[in-house]
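Engineer: Using the sequences provided together with the hints, build the complete structure.
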Amino acid sequence: MKNNHNNGKAKKFGMVIDLDKCTGCGSCMVACMSENNVPFKADETDKRLSITWMLVYKLNNGKSHPDYDECYLPRPCMQCEGDHGHSPCVSVCPAVATDYSHETGIVSQIYTRCFGCRYCMAACPYHARYFNWWDPAWPADMEKYLSPNVSPRMRGIVEKCGFCFHRYQLAMDKAYYEGRDELEEGEYQTSCTQACPAGAIVFGDLNNPKHAVHKIALPDSKHGGRPKNPNAFRLLERLGTNPKVYYLSSRKWVRDSGDNYRPDEK
Amino acid sequence: MDLDSALWPKGVQRCTFPKFMIGITVVSVVLVWGVYAALLCWFKGLNQTNMNDYYGFALWIWADLAVIALGGGAFFTGFLRYLVKKDELKHIINYAVLIGFICYSSAQLILGIDVGQPLRGWFIFWHANVHSMLTEVAFCLSCYFVVLCIEYIPLILENRQLDKVPFFHHLGHNMHGIMAIFAATGAFLSCFHQGSLGGVSGVLFGRPFGFREGVFIWPWTFFLFTWSAAACGPCFTILVTKLTEAISKKQLVKPNVVDLLAKISGWMLFTYIIAKTVDTWYWAFVTVPSKGFNWAFFYSNNDFYGTWILWLEIVICGYIPALLLITKKTRQTNSTLWIAIILASIGVCVNRWALVLQVMAPPVMPFDTWALYIPSWQEVATTILPVAYGVMLIMISFRYLPIFPQERELNPITN
Amino acid sequence: MFPFSFEWAWDMSHIVFMGGLWYALSIIGAGLTYCIIKAAVDTLKGDAGTGDHH
Amino acid sequence: MKIDRRSFLALSIGSTAGIHLTPLPWKLMDDMSIWTQNWPWTPVPQDGAASYVNSVCGLCTAGCGIRVRKIENRAVKIEGLPGHPVNDGRICSLGLSGLQLLYGGTRVKTPLKRIGERGAGQWQKISWKQVIDEISKKLSEQRKSGNPQTLGAICNSDRGTTSHLLNRFLTVYGSPNFLRTPSVQSSYEIATTIMNGSSGTVGFDLENSDYILSFGSGLLDGWVSPVRMIRAHSIWKDKKARVVQIEPRLSHTAAKADQWIAIKPGTNAALALGIAHVIIKEKLYDKNFVEKYGFGFEEWKDEKGQTHKGFKQSVLENYTPANVAEITGIDVAAIISVAKDFAKSAKPVALCGSGDGGAPVNLNEMMAVHALNALKGAINNKGGLQIVPNPDYILWPESEMDKTASKGIQTERVDGAGGKKYAQARSLLNRLPEVINASSESPLQTLLVYNANPIYTMADSVAVKEAFSKIPLIVSFSPYMDETASYSDYILPNHTYLERYEDSATPYGSVQQLISLARPVVDPLFNTKQTGDVIISLAKAMGGHIAKAFPWKNYRACLEKTLGDKWKTLAEHGYIVAKKDKAPDTASAKFDFAAQAVNTDSKNDAVAPADFKPADLDGDVTAFPLVLIPYDTMRLASGFVGTPPFVIKTVGDYILKENDSCVDINPQTAAKLGLTEGNKVILTTPKNKASVRVHLSEGILPGLIALPRGLGHSAYDKFLAGKGVNFNALYAPMTDPVSGLDMTWGVRAKISKA
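For the protein sequence lines, the chains are Y, D, Z and R, in the order given. For the first sequence, the numbering used here assigns the number 1 to the initial residue and increments by one for each residue that follows. For the second sequence, the numbering used here assigns the number 1001 to the initial residue and increments by one for each residue that follows. For the third sequence, the numbering used here assigns the number 2001 to the initial residue and increments by one for each residue that follows. For the fourth sequence, the numbering used here assigns the number 3001 to the initial residue and increments by one for each residue that follows.
Label pairs and their calculated CB-CB ranges: (1) D:I1217 x R:W3035: 34 to 42 Å; (2) Z:F2004 x D:K1328: 57 to 65 Å; (3) D:I1413 x Z:I2036: 32 to 40 Å; (4) D:I1217 x Y:R262: 26 to 34 Å; (5) R:D3258 x Y:R262: 25 to 33 Å; (6) D:I1316 x Y:R262: 24 to 32 Å; (7) Z:I2036 x Y:D83: 49 to 57 Å; (8) R:V3462 x D:P1366: 44 to 52 Å; (9) R:A3120 x Y:D141: 24 to 32 Å; (10) R:D3331 x Y:A175: 53 to 61 Å.
Simulated from the structure, these hints should not be mistaken for lab results. Each residue gets a CB set at the ideal place from its N, CA and C atoms; glycine is no exception.
Structural biologist: Structure, rendered in structure tokens:
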């Protein structure tokens, strides 16, 4: 919660997901699971007990055939900054087990610190946080594929997407080793971004005008990062969460599905 | 002479020891069932519950908030007795403290089961995030629990046998001497943790049903919770007192004491429920519309939550008991008093339910769906566990401790 | 909770919160200590200990 | 000191208080929390040096390049290989979870010999030496009986050295019965044989198309080359190419398409001809292409001098938009506008083969759609279909044949492919159960199964199992305990694709000629063997001319020799893109609108591109008022590889709920049947019945039920087995009278409350 003063190089990593391109194939979900040592169990059909840091939602326009239409919407953690400097989850965590980094704009989760009160889950309107209801288990030889860069989580704690933060650390280590203190845009990309067959996910520093995310979403820093691109929107912007994931859609109903509107506003 | 009569308070009659033990056994069965469920949750993990990623806060958190609200009788009666100097209340304060003690220890037990990593539970103190309402809850709640212990210990020390030990006698005496200081500290702590429990959902700006505006860092629910606990806690104290009287078949507290507490509660409840009405109105017509919701959205399109819950909470369990309690006639009529205190106790529980479970239920993302939840037997058992524990503690305390100072006077032993 | 834990900060929110907490704790602690010491002293003084509490 | 009650009390209270003043409780508290952070049953992955190995994915036939991240000798992550022509760094969910198959609990760890009843799961471990000995002896005996054609093999592909080795083994043994798993490519092959006179395979230059008219092809649902198709889709979005999806259910492809045309299932051919009608009538077709390359567009004379109606005339007479509208249930206006859009586009293409392309399509539809492409010159032109020559780098010397072999190889194939009736077909695996079940003694006495799981993937599971039960010896090479492996007599487990060398030739659907090399990412975990090595060993054990036909020391030597100078590049780079020929020589061949090869009077089943022959479904309409259609999703593998746990996890709860498959059904139909969301129902077809749940969807036409493919496994582990229903168990195949391939697009069904 420390308000570290930006040293001029503060990053604000964010994502732009093009929903026109997203085909709902689910690669991002599996890319995330395989990168982040996400556990699995025999029955994963109760989606409210299924750990999916990245989750593809299926939206529809609520109409009947032939006007019926669907859209797929991948939902990672939004890494909310909060309109008033408070992420919904960070401010409520009683043990500082989740924190907002002013250096990267990423909301971290410290697994060994979390004691599983789940207040953060109640706070997150995106349901991006998941609880380990069970002990994780990797049957047969599957423990062998676990990545040493991400620690497997024990039972009884909360976990979530952290924009593959370990990749940022690895990239920074490499950069320091090579005598640089800045990363190239491509050096730090999340696993889902990398895998997406449609290339629908673009990842980078929203503060950097040279990065694609900035160029596409055109975040308006004067207005809480609201996108200036007319096709771009963020989920539940009206709640004041100030998320760092932007969506693009050329379909109005899809953009309208991103937030709540009273009947008299429609 | 009964087996344990030497331990009874002076000059009172108690049921026979075997009868007492039968009662204890019955309650123990329930207790063991609850303990078994608790052990399952600790050893197998929270997969034993029906909670899920949408319902991270569920029955247990509701039970926590509810028992703490009901236990609010302790701090408020203490406040009235020691700080406002309503002297009559000394005849009921012991019981209020005992009920508070039970409620608060229960709450901590439930929290100990509820967290995913109980062995790390102390991180909430050690690595405290002072911005979190839960941290405030944890600190004030445990500190206040210490206060309740301090208030309860002298009562234990008053046991006929313990009192014979000079040190205990003096300790009890001295503690009584400065009880006002403890009570004041307790009231201060209590105001904050009751309030911060209210803040728990009030600060969730991602959950429009729970979210409230407020002053500084405190949402309106912060104040409403303290207020409602002060209003309904004493009602619960009266309710349990009257239940104890009914079960023990004797009067334990003089009517004027009950009447005074009921009257104060009535006015607290009346003012609270007006504030709650205003709060609800503001929430419905200012807060949620600004976030794109129509208030009716939160009461429709699902199988359970309808506007009935509003009526139940605000009118049936709010205005009705408030009016019954502030009206002298109904307050002093046994039947209407019963109705009023029962309704008030239910009312505060319904309020806590809405602000825990209903907060989790409605979809926030427009493409999401309602989430409803039915607790597992393990959750129910562990929630009943503290009830059994409370009953048992009351049975033991009532039998061996001079909880009701007026009992001897009201029930002279005739033989 | 303590100044040596890393999430501690000397900012307003910590001062207010922890100030309140430690204040309350001190009162409780001091009160308890007083009672215990006084009880010990009273016991040693050999008071009969028959006085009524109320 | 006397211990009385008072001092005891004082002592206990004092000591309790005392202990709390020592650091002990605090230390214990700290220790306990540290313990929770290091629970021994929560693994801590070992760290080490990271490295990458480039290889090729082997989980479908698309041949995507992969790079696998390793920590020391453990593979920890599969990623797409940047720059690879198929996937350029991108990867699908199945490819991503390959490590769960490698390290998972479904591996066959050593050669196994069945000891109990077939399928009972009782096995005996057996050494490689002994198993080769036993099988080669059995094969030698079988051969001595003079019927070498009773040896058969099933394989998912006829490309690459391992398949070639297997095929070569069959040839020198004396059997023509190399059976390839059918797919939409089989249909395309036949269509190009008939209409283009070419034996090449079809490549789809979709990245360059600007109008994609898809007759149910699940371009975004796993069709042919899943990652490449999704990449192409993004290109279409960028350059505003238009996609029109024609199918009765709103698949992901349909949802992403610019236009979804919900058509009555089984009437695609009629719509294609209706569109052709408009194009011809409005003279919007590519006159240059049709005149230069087309045959049979106008009136034509056959060899006997008989005059036949041209494609043009037939279409104009019979397929007016009004007629077609009635057949297909699509608006006349929509037919006309689609036709015009298609015709007016610069580089349009029409595609067929539904779902993920795992099933063939009826020849009638295939030819009608192919004719549409011809009308717009979308054949061998940019953005259209390209006839790609078959890969030709495997150049082994002709094998020496003995008498038995020469005789055996001359016999007619067991499936009838290439025979009198199904002259154009190369392989008709779908006919195998029918043929076996029709004869008292199975025409196949020994069956080798490589990279295939026919017991799961073939239609009419009951009949398939019956047929397999009649084959005396089944040998599976599967690295996983799949349905067919479970039902075999011997399992000779192959290395998984991450443990072996293997070449992967031009993936189906690719326009480029490509060779990729899979190489061991990790050392083999178990006592498994590359199937190529096993075949070479078997051949050597058989001796004689058979051994001679396999002069290589082992598979690796064979591969290196075969690839010659390409080996070095492949070993370094992972793949080679062959230089593009100027223009495939097939371009000069005529495009036969008349399909003379199959459209002759001498044939009863004659079929012309300009005819729509409605195929009737199995079952009685009154008893089975609904039609069940299958659908594919990227989140379920329906081929020879089972869906790994990660991918199953991504499956929506409207597809799989607990252990039940969910069927899509229109709310109108559901209302008529009194069903609501999530109801458990019994789904009955003429073949079988199953318990499923109902999922209401506006994205499906009334009267239909759609069931996802890829569920209902009985083999594999608890993460897959017993979940849902296998569509293949619910229907019987319908043999296309001309191509011989299965042409089922659905089956009649009914549902009743459970």
